[in-house]
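Colleague: Take a look at the letters that make up each chain.
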Amino acid sequence: MISKEDIQNRMIQTVETVRKTNPMAGSITNTVTINLVANAQLAVGGSAAMVYLPDEGEFLAKAGGATYINVGTLLPIYEQTLPHVAKVLHDTGKPWVLDPVAIGIGSLRTQLLLQFKEYKPDVIRGNASEIIALAGLWELEGGTDLSNVRGVDSTDEVNAAKAAAVELTKWTGGAVAVSGKTDLITDGSVMIFSRGGSHFMEKITGAGCSLSGVVTVYATAASPLIAALTAAAVYNLAGNRAEKMVDGPGSFQIQFLDELHKATAEDIANNPFEMEEV
Amino acid sequence: MISKEDIQNRMIQTVETVRKTNPMAGSITNTVTINLVANAQLAVGGSAAMVYLPDEGEFLAKAGGATYINVGTLLPIYEQTLPHVAKVLHDTGKPWVLDPVAIGIGSLRTQLLLQFKEYKPDVIRGNASEIIALAGLWELEGGTDLSNVRGVDSTDEVNAAKAAAVELTKWTGGAVAVSGKTDLITDGSVMIFSRGGSHFMEKITGAGCSLSGVVTVYATAASPLIAALTAAAVYNLAGNRAEKMVDGPGSFQIQFLDELHKATAEDIANNPFEMEEV
Amino acid sequence: MISKEDIQNRMIQTVETVRKTNPMAGSITNTVTINLVANAQLAVGGSAAMVYLPDEGEFLAKAGGATYINVGTLLPIYEQTLPHVAKVLHDTGKPWVLDPVAIGIGSLRTQLLLQFKEYKPDVIRGNASEIIALAGLWELEGGTDLSNVRGVDSTDEVNAAKAAAVELTKWTGGAVAVSGKTDLITDGSVMIFSRGGSHFMEKITGAGCSLSGVVTVYATAASPLIAALTAAAVYNLAGNRAEKMVDGPGSFQIQFLDELHKATAEDIANNPFEMEEV
Chain A
-9 MISKEDIQNR MIQTVETVRK TNPMAGSITN TVTINLVANA QLAVGGSAAM
41 VYLPDEGEFL AKAGGATYIN VGTLLPIYEQ TLPHVAKVLH DTGKPWVLDP
91 VAIGIGSLRT QLLLQFKEYK PDVIRGNASE IIALAGLWEL EGGTDLSNVR
141 GVDSTDEVNA AKAAAVELTK WTGGAVAVSG KTDLITDGSV MIFSRGGSHF
191 MEKITGAGCS LSGVVTVYAT AASPLIAALT AAAVYNLAGN RAEKMVDGPG
241 SFQIQFLDEL HKATAEDIAN NPFEMEEV
Chain B
-9 MISKEDIQNR MIQTVETVRK TNPMAGSITN TVTINLVANA QLAVGGSAAM
41 VYLPDEGEFL AKAGGATYIN VGTLLPIYEQ TLPHVAKVLH DTGKPWVLDP
91 VAIGIGSLRT QLLLQFKEYK PDVIRGNASE IIALAGLWEL EGGTDLSNVR
141 GVDSTDEVNA AKAAAVELTK WTGGAVAVSG KTDLITDGSV MIFSRGGSHF
191 MEKITGAGCS LSGVVTVYAT AASPLIAALT AAAVYNLAGN RAEKMVDGPG
241 SFQIQFLDEL HKATAEDIAN NPFEMEEV
Chain C
-9 MISKEDIQNR MIQTVETVRK TNPMAGSITN TVTINLVANA QLAVGGSAAM
41 VYLPDEGEFL AKAGGATYIN VGTLLPIYEQ TLPHVAKVLH DTGKPWVLDP
91 VAIGIGSLRT QLLLQFKEYK PDVIRGNASE IIALAGLWEL EGGTDLSNVR
141 GVDSTDEVNA AKAAAVELTK WTGGAVAVSG KTDLITDGSV MIFSRGGSHF
191 MEKITGAGCS LSGVVTVYAT AASPLIAALT AAAVYNLAGN RAEKMVDGPG
241 SFQIQFLDEL HKATAEDIAN NPFEMEEV
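Residue numbers (this note's numbering), protein chains in the order written: chain A, -9 to 268; chain B, -9 to 268; chain C, -9 to 268.
Read the hints as simulated data drawn from the structure, not as lab findings. Note that the coordinates shown come from a computational prediction; the quantities given were computed from them, not determined experimentally. Don't take each hint at face value.
Remember, identical chains collapse to one label, so a pair may be satisfied in a single copy or spanning two.
Cut-off 27 angstroms, straight-line C-alpha distance, at most; resulting in silico cross-link-like pairs (DSSO-like, lysine-lysine) [to be verified]:
1. K152 to K107
2. K252 to K193
3. K10 to K234
4. K52 to K193
From just these sequences and the hints, can you work out the full model?
Modeller: Structure representation (structure tokens):
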């Protein structure tokens, strides 16, 4: 198994590379949290661009270092855009991150998430319910049917998604991140638990969506596992720091963005995590 | 007439039930203020989910405790989504809240607002001009034609909308809230005036849209009248408190979200209001 | 050449007229930064309204004092809306502001920006790469082809866009603003350099989009040149002031909105700028 120190060195390198190169990471994401996604991506040193149309998505997929697809607030055009862009990403070997938010709501979302199976996202990030439901939709072990999902909130604990997360990585060859009180990140061979965060994370909209956006920024410069872990670590660190300085969700979001910006590479690598073999 | 103490007890119960149960309130709302709507809903203890497509709207209408429809930034798909969702809400007897923002702009908005007459929203919230224009569009007394409306801002005082508000409640059987310097809330039998707020409310976008979103959260746990009053009260309280702590509209919005989160049920119930029989 | 004092007096008049009259400036703009555009427009004293549909855009074009078109996050309906609204603006002689953000990405954007040539926007605001690319697309001198543009970020210095900016004003008869470390504003006869701002401007999404929105608000009350300069000045002033009070991009955005609101007309007119004849 890869050593903890090795992982931390790679995290440091990832953070620093991103800050030095300001990599472009395009997104197709929901209108509720699109502004926070962009601001979080900028705060960690990336560059953001968002589009809706098929050929624009293809442009970003080819021009960017990695691409983010979030299936929230689907528009009719997504029926064409999302499979096309996912296929381009897959065929060109460019890393991409899938956030299967609100899986189980509506027929287009289900259809799109089914199509994505073939295009093997490099990182899948969701809460426990979403990860379990996606594994179920893709007919992998550890999954269940979609009836278990309530809107955009998780009804399952992170640990309940362990098997589903591992099976998903076996299919994609990438990593899966399960967000919760403790975050679980796995590439199918190692399982990492990242700690920290804040109870205010659930009191602002877009903590999860923007985390996936930051995973995407790091995926321009790191393996799926390291990208997902580095993003979880900076979120847990910044959330923890911000919580101590504020007393409400409005201030929390602002302070959180500041802390994303201020966190050093060493701080991020030293944010508590444990690892075990799968 | 219901007593003031009775009303205050119901307000306390509403606030506490929402904080305890974290009820889901789905929305179809405009892209300008969608993030603030969600964050305000979360700040008072609700859960938010936003969609655009017909079957997704139907899902949320059936799964949520109440649903919010705001006709800002209309997209072509709304022609199918909004009447379908409003019909589902009406047929299933689920409470829903209508914000007729920018009534009078464009043919689709007029067509949709006309169709909603049949589906009787449980709460209608708008500024005085919008309430008067909606009564006019529905050919109720107290209304006028649409020529009086200027974009999204009100050109009428709250009191000018009294007759329109009452006539609308007679038609819907629900409540109407008219936002202004003092807010007017009526169910056709009692008329309540809620006081407080801040001059900064007009200097941020989405104060009205997000207020309607919070009405929707409370409508999962209370009658239309109590839901509308409780939302007006927490907005007036939080606005008043936030104004004293800031000196600009940027800080105001952040502090306002914090105060929404921190306000106790008793504080909200004790925010000044007067009532009279209609 | 117009004197500096003359320009400053006109800037003061513009700021005060806007604060007194609260003019309506409609926008068709991208979903990423739409909230910041509206809040910035409100902070300087304007009124904001955003739409997507053709007849709604026409309504705002005719009802508002000036209109803003930003080609970010294009939706399919924009193929009909944008040329229609631009034509209405041109035919009615109403001022309008174009932000050619992300020029070069996708076929619809290129097609729309080509169509706009005929409708001569009164102000064009972009970064250096965008201004150069637009001049190229319109086959004016000083332009280049589109291959030089990277997403939404500029790869050129402001001075490199001088010739393109002047040629664009010769074609439109209006003004062009090139944003960068120092902002360049020209109407083809005078070239003005506005100084100030903050390094945090690049760490928040929408600094440019919202600047164009504020240009539009001022264009309801001033010539294209004065509108563009006044907006650049208040942005440079507020950015500079905000930067001194914060240590991260989250706080910066909030403080920046506060400073937009608090800046006096005299402060704005006295923000450093130099001018030279073209």
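Colleague: Hint by hint, note whether the structure agrees.
Modeller: Against the structure, the hints come out as follows:
In this assembly of identical chains, K152 and K107 lie within 27 angstroms of each other by CA distance solely inside one copy; the values are 19 angstroms within and 50 angstroms between copies. For the identical chains of this complex, K252 and K193 are neighbours both inside a copy (22 angstroms) and across copies (12 angstroms), given an alpha-carbon limit of 27 angstroms. For the identical chains of this complex, K10 and K234 are inter-copy neighbours only, at 24 angstroms across copies versus 29 angstroms inside a copy, given an alpha-carbon limit of 27 angstroms. Proximity of K52 and K193 under a CA criterion of 27 angstroms is satisfied inter-copy only: 24 angstroms between copies versus 35 angstroms inside one chain copy.
When each numbered hint is compared with the structure, no violation occurs for any of them.
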